[in-house]
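Asks: Sequence:
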Amino acid sequence: MRVVVAAIGRLKAGPERELVARYLERAGQVGRGVALGPVEVVELDESRARRPEDRKRDEAAALSAALDPKLLIYALDEGGKSPGSEAFAADLGRRRDDGAAGVAFVIGGADGLAADLLARASARVAFGAMTWPHQIVRVLLAEQLYRAATILAGHPYHRA
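Numbering (the numbering used here), first residue to last: 79 to 238.
Keep in mind that the hints were calculated from the coordinates and are not lab data.
Built from N, CA and C at the ideal position, the CB exists for glycine as well.
Any given hint could be a false lead.
[Claimed, not checked] Label-pair ranges, simulated between beta-carbon atoms:
| no. | residue 1 | residue 2 | range |
| --- | --- | --- | --- |
| 1 | Ser160 | Ala193 | 14 to 22 Å |
| 2 | Pro93 | Gly162 | 42 to 50 Å |
| 3 | Asp194 | Gln107 | 34 to 42 Å |
Could you build the full structure based on these sequences and the hints that come with them?
Replies: This is the structure we're talking about:
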């Protein structure tokens, strides 16, 4: 199953980018055995619009244009559910087993995601109630994708 991480903003060279790359590489290696990935990354520029609603609209349009319409959208959103790692992995495995073409994890800009994009999402996921910088969200997502692949593969990385 195809897995895409689509984000507004670009990670600069440094420890966050290196950590994301390391987890996504591992996710791809383990994921091959369970028909997940490799994970593709799409980075898009932030909107230059002045008003937050205009920025969210522009960024939603850019994200929508960059994604294959066959992909299920998982919106990273502070109003989403915070599943445990096993539930997250089970959901991905179920969608894979149900024949989904793939999933796209969408990370909005500083203002969040537009309401119409959130409404189209198959799932809304939050990494807790706290607000996280986008660089950290990408690290968290990359690690959870790796963890999900290891859970589905029965690999000992996840020791809950």
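Asks: Hints first: check each against the structure and report whether it holds.
Replies: Hints, verified against the model:
| no. | hint | result |
| --- | --- | --- |
| 1 | Ser160 <-> Ala193: 14 to 22 Å | 21 Å, holds |
| 2 | Pro93 <-> Gly162: 42 to 50 Å | 27 Å, violated |
| 3 | Asp194 <-> Gln107: 34 to 42 Å | 36 Å, holds |
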